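Colleague: Could you build all of it, start to finish, from the sequences and the hints given here?
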Amino acid sequence: MSSPESTDKVQLTGDGRDDAVITWDGPTDSNNPQNWTDGRKWLNVILVSIQGTLSPICSTVLALGSQDVAFAFHLHDAYTPALPVALYVLGLGIGPLFLAPLSEIYGRRIIYLSCFTVFTILNVGCALAPNIAALSILRLLSGMAGSAGPSLGGSSIGDMFPRERRGKAQALYGFGPTCGPVIGGVIGGFIVSGTGNWRWLMWVIVIASGVTVLFCLILQKETYGPFLLRKKLERLRKENPDRQYRTEFDVQVKQLLTAFRIYAILYLHLITITLLFSDRSFYGLFSYHWTGGTVGLAYLGAGTGSVIGTIICALFLNRSYRYTAARHEKRTGSAVSIPEFRLPFLQVGMIVTPIGLIIFGWSAEKQLHWAVPLFGALIFGLGMLMGYVCIQTYLVDAFEEYAASALAAAIVTRCVVSCVFTVVGFQLYRSLGYAWGSMLLALLCIAMTPIPFWLQHYGPKLRSKQFNF
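Last residue of the sequence shown? That's 486 in our numbering, and every number before it is there in order.
Incorrect hints may appear among the rest.
Claimed, not checked - So the derived label-pair ranges between C-beta atoms look like this:
#1 A343 x L231: 41 to 47 Å
#2 L461 x Y123: 34 to 40 Å
#3 Q444 x I63: 37 to 43 Å
#4 Q444 x Y123: 16 to 22 Å
As the list claims (entries may be wrong) - DSS-like mimics (lysine-lysine), calculated; alpha carbons at most 25 Å apart, straight line:
#5 K347 x K248
#6 K248 x K238
#7 K185 x K238
Everything labelled a hint here was simulated from the structure, so no lab data went into it.
Since the structure is predicted, the reported quantities are computational estimates derived from the model, not experimental observations.
Think of the CB as a built atom: it goes at the ideal place given N, C-alpha and C, for glycine as much as any other residue.
Modeller: Right, dumping it as structure tokens:
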């Protein structure tokens, strides 16, 4: 029980011990992020979405400046200029290994602010890098610091919204990690064309991230419920030092379910766009010979697909969840809410993605009008966005307060593979051509298509028996 001067809610444990469990002050406690006003929730969603977009933008913004980097640093091979892009993506995968568990100890807000501040400073270093080694190392470190947005945003949304209302917020947030690389390609082309200096690519990122840090410092709030309860616990312990308190979240961390991702294929697809629409031919491959900043516009195919996917997810992801739950209740008579109700949307995304890759690859190989491969890229972007948002939401639903660690496990896998694909992508298409290179990626997607169908049937049993949650 609390002291007379305190209104904080506690409850005695049922085993007779003289300790108390700290909980929220009733179901309408305004300190609980789940009870915040919609305006406050969506302000925080927008802030984490901006961070989750800027980091992926930074991953590809340098791609169209790679030729200028090679010229500035006197590089003569195809692989070394790709290292700053590849190592940045690798950093995006390494960072969550540390940031996710830290956010579950120290809260989300301090991780967002400190990491994005370091991210801004490191990009100043990238803009001033004297050689390729310094640029590559700084890009790796900036990727690690910048991974806070892409790795923690989904769990922040889970902190604020119940399962049946997460769809729209996850759709907005999911736009960044999937469409951010596309935006980076578009603006990168125009910046390089307009300034003739690759360093301005980094200065633009510095300006954007610096402004973001200032807004987050003023407006962003802590969303992680267990951390807020721990702060409440510390206050009560100071008020009542003889009393034993603990929070309702003082439980053993659950084991993580390994997630599957097709996100890495996005980076290889974006490399293909550079080959296909560049102003000169590479490795004897066909090119549409777009010039200047217009090369970056080729990324708008996948970008438009991502926008359409975002709108579809925002409108129908929650409806699909409720519809699947209602069908389950009608069929079994059991009114339950489980993460697997997200998977029908993922199944559609997994089917659509390889179709887009096939259209893109074969139309480029046959040298059809440029609109045809860009249409294929649009279909690919649509499927990618639907898949990404559904997987993200599924993991948040499944792991709840430990969502950050679950998402980190998935992000590490996708970013490591993305790093490898970024380096070997040119060689893949040089060896196989557009058609069979894209067909190989499509086959990889098709091979993973049964997974969401399998999870829909066996996911609850797997989680309850093997992972005890």
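Colleague: All hints, please: hold or fail.
Modeller: For each hint, the structure was consulted:
no.: 1; hint: A343 x L231: 41 to 47 Å; result: holds (45 Å)
no.: 2; hint: L461 x Y123: 34 to 40 Å; result: holds (38 Å)
no.: 3; hint: Q444 x I63: 37 to 43 Å; result: holds (40 Å)
no.: 4; hint: Q444 x Y123: 16 to 22 Å; result: violated (42 Å)
no.: 5; hint: K347 x K248; result: violated (43 Å)
no.: 6; hint: K248 x K238; result: holds (14 Å)
no.: 7; hint: K185 x K238; result: holds (20 Å)
In this structure, the earlier hints numbered 4 and 5 are contradicted, and the remaining ones agree with it.
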